[in-house]
Amino acid sequence: MITRLAGAILIAADEEFDPDTVTPGIWGFVVTFGLMVVVVLLILDMVRRIRRTNYRAEVRERLEIERLEAEMLGDEGSAPDASSPSPNADDEENDTGATSAR
Numbered sequence: 018m019i020t021r022l023a024g025a026i027l028i029a030a031d032e033e034f035d036p037d038t039v040t041p042g043i044w045g046f047v048v049t050f051g052l053m054v055v056v057v058l059l060i061l062d063m064v065r066r067i068r069r070t071n072y073r074a075e076v077r078e079r080l081e082i083e084r085l086e087a088e089m090l091g092d093e094g095s096a097p098d099a100s101s102p103s104p105n106a107d108d109e110e111n112d113t114g115a116t117s118a119r
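Counting with our numbering, you get residues 18 to 119 for the letters of the sequence shown.
What the hints contain is simulated information worked out from the structure, not anything from laboratory work.
Using N, Cα and C, we set each Cβ at its ideal position, and we do this for glycine too.
Hints may be right or wrong, so weigh each one.
Beta-carbon label-pair distances, calculated as ranges [as the list claims (entries may be wrong)]: (1) Gly45 <-> Glu83: 56 to 62 angstroms; (2) Trp44 <-> Tyr72: 38 to 44 angstroms; (3) Gly42 <-> Val76: 47 to 53 angstroms; (4) Val54 <-> Met18: 47 to 53 angstroms; (5) Leu52 <-> Glu75: 34 to 40 angstroms.
With the sequences and hints as input, model every part of the structure.
Next comes the structure, spelled out in structure tokens:
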């Protein structure tokens, strides 16, 4: 067994190794190209999701600003006066047992 191993080592040592002829081949290209395609698709998906998240945040901010402006305009323009009934007046009458006249 040792003689066979020694013979294989001698044969391998006699062959010259040329690093220029060693290439990954077509399968190496296919795997690298496929990996590149997957990475590009993941990047596009990530950019799309980040853009969507940013748009949603902008819309929330605009809605919040509009709500605050509406509250400020509503508070300044309409002060409650004593002659108008409160919105819960019917509820208060119903709680005491009286019926509302609707």
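Range agreement (Cβ of Glu83 with Cβ of Gly45, hint 56 to 62 angstroms) | For Glu83 against Gly45, whose Cβ atoms are near 58 angstroms apart, the range 56 to 62 angstroms holds.
Determine whether the Cβ-Cβ distance between Leu52 and Glu75 falls within the hinted range of 34 to 40 angstroms.
-> holds (35 angstroms)
Determine whether the Cβ-Cβ distance between Gly42 and Val76 falls within the hinted range of 47 to 53 angstroms.
-> Holds, since Gly42 and Val76 (Cβ atoms, about 52 angstroms apart) stay within the stated range.
Between Val54 and Met18, does the C-beta distance stay in 47 to 53 angstroms?
-> holds (49 angstroms)
So does Trp44 sit 38 to 44 angstroms from Tyr72, Cβ to Cβ?
-> Since the Cβ atoms of Trp44 and Tyr72 sit about 43 angstroms apart, the hinted range of 38 to 44 angstroms holds.
Consistency note: the structure conflicts with none of the earlier hints.
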